[in-house]
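A.B. asks: Listed below, chain by chain, are the residues.
4 protein chains.
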Amino acid sequence: MYSAFETKIFIRPDDIDMNNHVHYSKYLDYILTARYEQMKNNYKVSMEEFVDRGFAWVASKVEINYKRALLLPDKIFVRAQIGSIKRAQVFLNFWIIKEDKNKVAAEGKMIFTMISTKSGRPVKIPDDIIEKYSV
Amino acid sequence: MYSAFETKIFIRPDDIDMNNHVHYSKYLDYILTARYEQMKNNYKVSMEEFVDRGFAWVASKVEINYKRALLLPDKIFVRAQIGSIKRAQVFLNFWIIKEDKNKVAAEGKMIFTMISTKSGRPVKIPDDIIEKYSV
Amino acid sequence: MYSAFETKIFIRPDDIDMNNHVHYSKYLDYILTARYEQMKNNYKVSMEEFVDRGFAWVASKVEINYKRALLLPDKIFVRAQIGSIKRAQVFLNFWIIKEDKNKVAAEGKMIFTMISTKSGRPVKIPDDIIEKYSV
Amino acid sequence: MYSAFETKIFIRPDDIDMNNHVHYSKYLDYILTARYEQMKNNYKVSMEEFVDRGFAWVASKVEINYKRALLLPDKIFVRAQIGSIKRAQVFLNFWIIKEDKNKVAAEGKMIFTMISTKSGRPVKIPDDIIEKYSV
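Protein chains in written order, with this note's numbering: chain A, 1052 to 1186; chain B, 1052 to 1186; chain C, 1052 to 1186; chain D, 1052 to 1186.
What the hints contain is simulated information worked out from the structure, not anything from laboratory work.
The list makes no distinction among identical chains, and a pair is therefore deemed to hold if it is satisfied within one copy or across any two copies.
BS3-like, lysine-lysine: derived pairs with alpha carbons at most 25 Å apart: (1) 1169 with 1154; (2) 1112 with 1169; (3) 1118 with 1137; (4) 1169 with 1095.
Generate coordinates for the entire structure from the input sequences, incorporating the hints supplied.
C.D. replies: As C-alpha cells, this is what we get:
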C-alpha cells in the first residue's frame, strides 16, 4: 500500500478555454505538475536526479474521467497515489479535487514508464527508487 | 457502423517538451482539432452551429495509449470514428498516426457529452445531428 | 505614481520547451496571471466584476526583453506597476524576477485596452476603476 | 534587403481563450512556427542543422502590436522578413495576416540571438548562415 500525496495547483488564465472552463488537456498538465512536486518533496528523488542517472519518464497510458468543470477562481489540488510498480512501470491513481467541499473534478489513472535516455527503451526501475516510492 | 475520417495536424515548436517530444497533453489538443475539422468538413455541422442552437460539447472521459514518441518534423494525422451514440453522448475512437509508414503513435477512445449551454446539463442529441453523424 | 505589486508564479513542466527553458510565450501567460491576481487582491476589482459590468480587457501591445533563461526549479515572481492610464488604456510595466538574488529574467511594458463586450469597441475607463487603480 | 516569406498557420481550439479569441501569447507561438518552417523551406537550414552544429536560437526581444482579434475559423498566415543581421543577432519583422482581405491582425519585430549550446553564450552568426539568410 503506497501513500497518497497532495499538491496545490494554481489555475492560470491561459488554462481557460472558450467555454470559460479549464481546457480538458490542462488537467494532464496539472497531474504532471503534481507528480514533479511529489517526486521532489515526498519521494525525495527529483526529476533532475533521474536525468542525471540517464533515465526519463514517459506517459504510456492515461485514463481520465471528467466529473465537474473547473473555473478560474477555483482552488484545487491533485491527490496522487501509486497503485503498483511493475518492472519499468508505475501505475498511478489521481484525483483533481476542489478545495471547496472536497469535490472531485476529475479522477483517473495513468501509467508512467521509465526509459533509458540513451536507448529510449524501458528499463527496470532500480531498487533504491522503489524503496523511496514506498514511503 | 460510422465512417472514419482523417485530419492532418501540424506539429508546432510550442508542442515540444523538455524531452524533445510532443508533450503528452498536446495529443488531446490534436484530437480536439481533428474533431472540430471533421464536424465542419465531414459531418457538415460546425461547432458554431451547436453554439447557435444553445449546445456545447464537453469531454467526459478520455482513454489514451501512447505508443510512439512524436517529434517536431513528424507528419501526422488524426483518424477518428464514432463508435456509438447514446442519448447525450458520443463514443469516439481515435488514432494519431505518422504519415511515414502509417505507424500509430497513440490510440484511444473518448466520450463527449452534449450539454445545454443554458442549464449546463446533458441533453439528448437531436435526431438531425444523429443523422448527420451517420454518414 | 502608482504602486508596484508582486505575485508569485509557479513554473510548470508544460511551460518548459525543447531547450529545457521556460518557453518564450509563457512569459506572457505569467504576466497575465499576475495581473488577474493583482486585480483581485491589490486593486480589489476582479476580472469577474469587469465582465459583470460589460467590460473586457484586451492586450494592445507587448514589449518584452528576455534577460535570463528560466528553468523548471526556479522560484519566480512578477512585479507589475501601472505607468499611466489614458482614456481606455492602462500602460503597465512588468518584471519577471528570480527569487534567488532578485535577478531580472525579463522586463517590459504592455498596453491593455478596456473594451465593451457588447460593441467590442474601446471605452473610457470609469472613474471608480481609476480610483481603485490609484492605490 | 532580405526577402519576406509567408507561412500558413492553422488556429487550433486550444489556442482560443475565455474571450473566444486566440489567446495573446499564442501569437508568439505562431511566429515561431513560421520561423521554423521558413528556416527549413526558405533558408534551407533547418533548426536541426543548427542543433547539430552546437547552436541554438533564443528570443531576446519581442515587440508586438495587436490590431484585430483572431477567431477560430480565421484563415491566417505569418509573413516574416529579416530586417538586419548583427553579430549574433537576427532582427526580424513579422505580420500575422488574415487571408480574408489581407488584414493585419498583429505586427511587430523581434530579436533572435544565436547561442552556443555548450557555453550558453552568444556566438557570431557564421558566414554560411548569413549567406543562406540572404536569399
